[in-house]
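Engineer: Read off the chains here:
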Amino acid sequence: MSTVEHLGRGPLGRDELAALVARDIPPGSFVNLGIGQPTTVADHLPAGSGVVLHTENGMLGMGPAAHGDEIDPDLVNAGKIPVTELPGASYFHHADSFAMMRGGHLDVCVLGAFQVSARGDLANWHTGAPDAIPAVGGAMDLATGAKQVFVMMTLFAKDGTPKLVPECTYPLTGLTCVSRLYTDRAVFHIGRQGVTVTETYGMSVAELASRLEVPLRTLGAAE
Amino acid sequence: MSTVEHLGRGPLGRDELAALVARDIPPGSFVNLGIGQPTTVADHLPAGSGVVLHTENGMLGMGPAAHGDEIDPDLVNAGKIPVTELPGASYFHHADSFAMMRGGHLDVCVLGAFQVSARGDLANWHTGAPDAIPAVGGAMDLATGAKQVFVMMTLFAKDGTPKLVPECTYPLTGLTCVSRLYTDRAVFHIGRQGVTVTETYGMSVAELASRLEVPLRTLGAAE
Amino acid sequence: MTAAVFTDPDEAVAGVADGSTVLIGGFGLAGMPVPLVDALIRQGATGLTVVSNNAGNGDTGLAALLAAGRVRKMICSFPRQSDSWVFDGLYRAGKIELEVVPQGTLAERMRAAGAGIGAFYCPTGVGTPLAEGKETRTIDGRDYVLEYPIKGDVALIGAHVGDRMGNLVYRKTARNFGPVMATAATLTIAQVRHVVETGALDPESVVTPCIYVDRILDLSATEDSR
Amino acid sequence: MTAAVFTDPDEAVAGVADGSTVLIGGFGLAGMPVPLVDALIRQGATGLTVVSNNAGNGDTGLAALLAAGRVRKMICSFPRQSDSWVFDGLYRAGKIELEVVPQGTLAERMRAAGAGIGAFYCPTGVGTPLAEGKETRTIDGRDYVLEYPIKGDVALIGAHVGDRMGNLVYRKTARNFGPVMATAATLTIAQVRHVVETGALDPESVVTPCIYVDRILDLSATEDSR
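Protein sequence lines, in the order shown, are assigned to chains A, B, C and D.
For our numbering, count along the first sequence from 1 and bump the result up by 299.
For our numbering, count along the second sequence from 1 and bump the result up by 299.
For our numbering, count along the third sequence from 1 and bump the result up by 338.
For our numbering, count along the fourth sequence from 1 and bump the result up by 338.
Wrong hints could be hidden among the right ones.
According to the in silico footprint, chain A covers these stretches of chain D (three or more CB under 8 Å from chain A) [said to hold, decoys possible]:
#, segment
1, 446-454
2, 499-510
3, 548-554
Don't read these hints as lab results, they were simulated from the structure.
All C-beta atoms, glycine included, are put in the ideal place defined by N, C-alpha and C.
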């Protein structure tokens, strides 16, 4: 396998990105999808994937968002959005739910991020702005606990600065926890050997390398 | 209230001792009765006492021993004796059951003992004999966790040596944990101020004091 | 003692002392015991430390308690929400202290209080600002932060159904912090949608055994039975 | 991955490696997964460390595993019972190592393994021979012993009913160590009296969520369905 450059196209749209993440979740996995964009990954899981969704507020076997008469104030996801229950679901209290996370029982969690470092450090809970009210929720527990942490984000901030960085400048959520980074411009695997680009979208590896301060490896490259 | 000497009689029988302990358990208490003699206290709790029995193998609301058709191998007490279930019972797993004990939620536990010290140290799990196979079960958890630890035992060993001692010579179960000691010869309250005799049976306080190496206080005595 | 059943919220919360640490259940509004919190406002206890996942929504319940100036300190995981304007205003005005705790650590610290654990080594938050100043230790090659129990003087929780002894069952994700908080407080007060006779709950399905529940507020007598 | 369902006990225990730490559920015979243990004997893994509350009863199940010489070390709370002659003999002959752990600490150490806790300060056993050599600390005026997790390579547990995904419910006091051990092992194998279709268990009453269960042995096909 070698790195694939998808050049005849622009960056990935949000739906395409979610579909890419969904593709990489092994069938039958136990998965927690973070609040916001990660939630949309669920819409792209193939029928019969057998993926079981966990929500940290105490449920395995979470179904899609509830609509109309399905809405039940007692059944919400981590974003407090009404959801539904699938066959084989179970409920448990918060200490049990986070024991499940912290104990390494979830196969994958998918999170958003402000920054990811070349070592896999994650910053996604606090902008560091002095007047911001800090709020962490379950972000640190997920980053620390899941067997694999997938991050999805745009590769560049609105001002063009990269969000994949040598060292995070935002307050950290977790150390060396991110294993895969899905962005609109490229997919990266992060491990002990560094950052490996596996796919690019509307940008070559060379272009990517010129815009990032992080050393990049590619698949199938002779080094 | 002053210490009562019941002199015109012999020592308490086992049933009388159990009745004495039962009398001192406040109505509505949550109680764990240890294996062996303490189990018999249940037979002396008055009807309507509202006492709820805990068994450390995962149940509140334990009923009396099961007989005949009631016997269910899935429903046993800590001594592995088949028991019954009362209305309002609940089941939980071992970690939750011992969290309940360790967390100080049981009002009273009643245990047997080899020795109790003047400070309330308890020795009830190991004779210290070099070839004995050590086995502690839930004894240490109960001794440490219950709000009050009542001990019932004979005051003297078969060879006449006292089992209420200045310092335990048997391996300890817990430190300064026993608050009340019920014996065939006397009832003692143990606290920071020392050992107080509250009742004697077939033996005067003076006689008791002469046979024990532990300083004894009495109720209502001017000191 | 097994639980006492109340139908009047004000009686159910009687006696909460100024300066108490109050654990308040719920995740957002799911499981949030609004009638009990409203009664606590009327009861008047002040200088409270409140432990709850969020820091109030809109203008009711916990937000109203905050607005009434009764809370000295919030311990929570996620104070900042779209509708947490009451807390936001107090915080920015320097009128309330805030301790932010990762959500799982918050739950586990209360579990530790209920389970008699003195402290525990937790991997969550290592290397982050929330671990600053905390003791750390490497065990088997992994880094941990030492975390201490959070014990409540009072817990206010919302359950689904209770029996007369105080056994509780919950409903769906409204279970959340309720069972943990019930174990961690000296006085646990649970509101339930209705109370059933002792023996009516399946002993296999009881989530909070009656030993953890001191008072039950039966909402079926009021219009708050939702 | 959700659970795989087996009807053959030998297939259910395939692949247990020599030298494994095996958590075996049950309190006495209640919840003891005798058919799984019998299959483990046939499977042949040896040099095992077995964690179980007791050290075998009579000549079957865990006692038979011990008698077959497969166990290097027992970690348990209460090895000495009226019918634990197999263990007693091995122990007195110096043929088996024994670690005695207070029952609640045994459960909590496995819970810690399953919950990602690195170690915890436990009040049980302070000042007793079972705390000798262990680190201690005084917290808020109370003394604690530092206790470390017990993680299993394999857990063999007995539940009542399972669904096809691996969700489990238990029955009465046979629940005991099963739910905790299920969280603490890399490979959890549960025997159940029968398997039901996914969706047939009440989600509020599931005790062990399917995430903790790798293999289910359905005993309803065999004469061991008791």
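Engineer: Could you run down the list of hints and mark each one as holding or not?
Structural biologist: Evaluated hints:
Counting residues of the segment 446-454 of chain D whose CB falls under 8 Å from any CB of chain A gives 5; the rule of at least 3 is met. Counting residues of the segment 499-510 of chain D whose CB falls under 8 Å from any CB of chain A gives 4; the rule of at least 3 is met. Counting residues of the segment 548-554 of chain D whose C-beta lies closer than 8 Å to any C-beta of chain A gives 3; at least three are required, and the coverage claim holds.
This entry satisfies every hint, going by the numbered hints stated previously.
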